[in-house]
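Q: Sequence:
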Amino acid sequence: MADTPNHDVNNSLATCHTPVGNSIQQARQVLYGHTSQYNVPCNTPAVVASNVQQKLSFSDQPSPLDPRQMTNLEAVLNDIYSKLQNIDTLPNLLQSLPSIDARLGGIENRFSRMENEIVQMRNDVNRLENRVKGTECNNSELNERLNYIEMERDHIKQENYDLRERVVEMQARSMRENLLFGGIAEDTCEKEDRDNIQTEKVLQNFIKEKLNIPDNIKFHVVHRLRPRQDGKPRTIVAKFERRKDRDRVLKAARDNLKDTQYSIYEQFPNEIMERRNILWPIFKREQRAGRRVRFKEDKLYVDGRRIFPQDVTNQNNRQNYSAPNKQMDRNDQQDPPFLLKHFGPPTGVNQQPIELIKSYDICVFCESKTDDLDILNVPKGYEYFSKNRKKFDRKSGGIVVVFKNLLKSHLSFLSSDSEYVLWLKFNLRHEPNFLLGCVYIPPENSRYSSVEAFDEVENELIFFQEENIHTILIGDFNARCGTGRDFIFPNDDLAQILNFDGADVIDNYFHSFQKLILCDIPLDRANEDKGRCNTFGSKLLSFCKNNNMFICNGRVGSDKGVGRVTSSQTSLIDYCIVSPDLFPLLSEFEVIDFDPLYSDVHCRLHVIFSTGVTTDLHNNDSTPNTVNIPVRWNNEMKDQFVNMVEDKLSTEDLFNKLVTLNVESDTFQSDIDNFVDFFNSIFIDSAHNCFGDKVVRYNQPNRQNKVFQPWFDKIVIKRDLNFTSQRENIISLKQTNPELI
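Going by the UniProt record's numbering, the sequence shown opens with residue 1, and the numbers climb by one from there.
None of these hints come from the bench; they were simulated from the model. Keep in mind the model is a prediction, meaning the values are calculated, not measured. Here a beta-carbon is modelled for each residue, glycine too, at the ideal position from N, C-alpha and C. It is possible that part of the hints are untrue.
Here are the computed lysine-lysine pairs in the PhoX-like style, where the Cα-Cα straight-line distance is at most 25 Å [to be verified]: (1) 530 <-> 284; (2) 239 <-> 201; (3) 258 <-> 232.
Per label pair, the in silico range of CB-to-CB distance [what the hints assert, rightly or not]: (4) 520 <-> 545: 17 to 27 Å; (5) 243 <-> 287: 22 to 32 Å; (6) 409 <-> 601: 30 to 40 Å.
Using the sequences and the accompanying hints, generate a full structural model.
A: Here it is, written out as structure tokens:
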């Protein structure tokens with residue numbers, strides 16, 4: 001029996017067949033000097049069978065202990081121990097795995113839904129792209145159809161224009177033998193003559209006597225047009241049998257009817273007359289310039305070359321631009337119409353706007369298109385006041401007044417609600433005060449216009465008017481009133497019926513036009529604007545009649561007898577309107593030529609009032625002649641007024657007075673007068689008691705006394721009116737009965 005090998009760890013050497021556990025135990029005994037308390041793992045068949053070539057040799061001699069080695073080993077072992085302790089937390093981690101798995105599942109589901117939505121959105125985008133492509137195809141088809149329709153429309157429009165021109169040409173051809181005769185008084189026999197035989201005889205007599213044509217000219221048709229609004233005789237339309245006779249009469253009219261009340265001119269269709277009205281101011285201007293001008297229907301020729309209104313406007317624009325402005329033209333820029341955008345010219349641009357302002361004491365700018373944030377760069381020594389439009393989508397409207405600082409103590413700007421007028425009051429110490437209204441009324445077809453614009457201005461004028469104050473209105477009224485009458489001729493018979501003879505205030509109102517005659521100012525205004533009177537024009541004439549004011553255009557200054565147009569070379573819409581007492585103080589009035597530096601289409605109005613008339617400062621008469629009249633109607637007190645009238649007015653008394661009237665009695669006229677006086681006194685007394693009295697001064701020792709002599713009283717005015725009326729009757733009688741001359 002073989003001996004079992006000795007496995008004593010103290011003296012045996014480890015071989016390749018030595019168990020690993022024994023080797024570890026032997027190593028621990030060497031290191032620590034004792035056997036480890038841990039069980040040594042047993043040898044496994046794999047370990048035994050493994051052919052380990054490496055031999056482990058151990059010495060039975062104890063090795064010296066190194067403290068540093070021990071420290072390192074302890075650190076390693078501590079690290080291993082701490083890591084082994086972390087393994088104890090694995091159960092907690094295993095418990096949290098289901099919740100983590102659930103969360104990951106939720107995230108996966110969310111991403112799945114998002115993926116589905118993205119796929120759906122892609123499908124929707126594809127459908128929209130297909131729809132857009134279809135819409136583009138439809139749009140291209142619609143564009144082609146629209147282009148075709150526009151071409152057809154243009155073609156039809158051109159055909160319509162050609163047809164209209166042909167109709168106008170045919171009308172003009174049918175009227176070539178016609179002439180219009182104006183100013184010929186009507187014979188009483190003409191009213192009963194439906195065949196117009198008497199009218200033809202009147203016309204033939206007129207041609208023989210006034211035109212010095214002895215021939216018996218024959219006509220196809222002679223008749224009068226509808227009655228005129230100004231009360232003048234109706235115009236006669238005559239169609240000549242021979243064109244030569246018509247031309248001969250027209251030529252004789254130019255030689256014999258100059259500066260007379262008669263007029264003879266050709267007849268044209270309305271379309272041609274509108275074109276002629278546009279070209280007429282250009283014709284007059286070129287004629288005054290000494291050029292050879294000729295009108296042929298609706299065509300204007302100057303020196304043999306046809307002229308269009310836009311050509312003349314462009315030519316004026318090029319002439320009115322000064323040299324520095326040419327630099328701006330080269331840069332394709334236009335000067336702002338409001339004085340180079342609020343007076344502040346940039347460096348290198350002319351100083352003409354500033355010099356213009358410095359040449360006046362007060363400058364009024366209408367349609368300034370400013371707002372409350374704009375700051376105007378006025379010249380030194382000047383200030384400005386503006387009234388801007390409150391409600392607007394873009395800058396529009398607006399009124400600006402620039403004035404000298406020296407006038408600041410004498411000026412007061414009045415607050416008002418209307419955006420159409422800016423009120424300015426002059427407070428002069430030894431002169432009558434002035435009320436200046438700067439007006440801008442938008443065109444009647446504008447979105448900013450109002451049918452009540454003139455009513456607003458009139459109401460504020462009545463509110464601000466005071467005793468012994470003169471009124472001036474200036475600005476853009478956008479009113480075309482032609483040569484319509486802006487005052488009222490009094491009717492003496494009506495004044496007697498209404499018992500106005502003793503009311504000096506009413507007499508002064510109705511006879512204020514006499515002040516124009518004394519100043520050698522014509523009552524009839526001239527006007528180059530031959531267009532029809534528009535709605536605002538009628539309102540302007542009514543405004544002047546209601547407030548006893550007169551239009552200066554076409555009456556005074558260099559514009560006397562001319563009435564130059566003020567807008568677009570075609571229309572007169574800018575006015576200066578004054579009280580009749582201001583005409584003696586009006587020294588200059590002129591319509592300045594159009595200049596694009598100052599406005600887009602308007603001409604400037606140049607007005608100078610002279611306040612140098614001396615007054616008697618030592619006149620201590622403090623008791624001028626006065627009259628008490630009721631103040632104007634107050635709508636808030638209408639009920640009180642009605643109650644006062646009802647208290648004083650008795651139906652029984654009126655009935656008894658009417659019953660006692662006897663038409664056949666000799667005193668019937670005086671009885672009627674007494675009854676009217678009684679009835680009138682009821683309303684006047686009620687007005688005095690209800691609305692109060694207002695003291696009206698007249699014949700004051702002011703500057704009017706220098707114009708109206710002491711002998712010029714009410715009796716003289718009435719006699720002058722009677723003389724004028726009789727003179728007109730004599731002239732009319734001579735026209736109807738030439739044999740009396």
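Q: State for each hint whether it applies.
A: Each hint tested on the structure:
1. 530 <-> 284: With a Cα-Cα distance of about 12 Å, the restraint between residue 530 and residue 284 holds, given a limit of 25 Å.
2. 239 <-> 201: The hint holds at about 14 Å.
3. 258 <-> 232: Distance ~18 Å between residue 258 and residue 232 Cα, so the pair holds.
4. 520 <-> 545: 17 to 27 Å: holds, 23 Å
5. 243 <-> 287: 22 to 32 Å: holds, 26 Å
6. 409 <-> 601: 30 to 40 Å: holds, 37 Å
Comparing the model with each numbered hint stated earlier shows that all of them hold.
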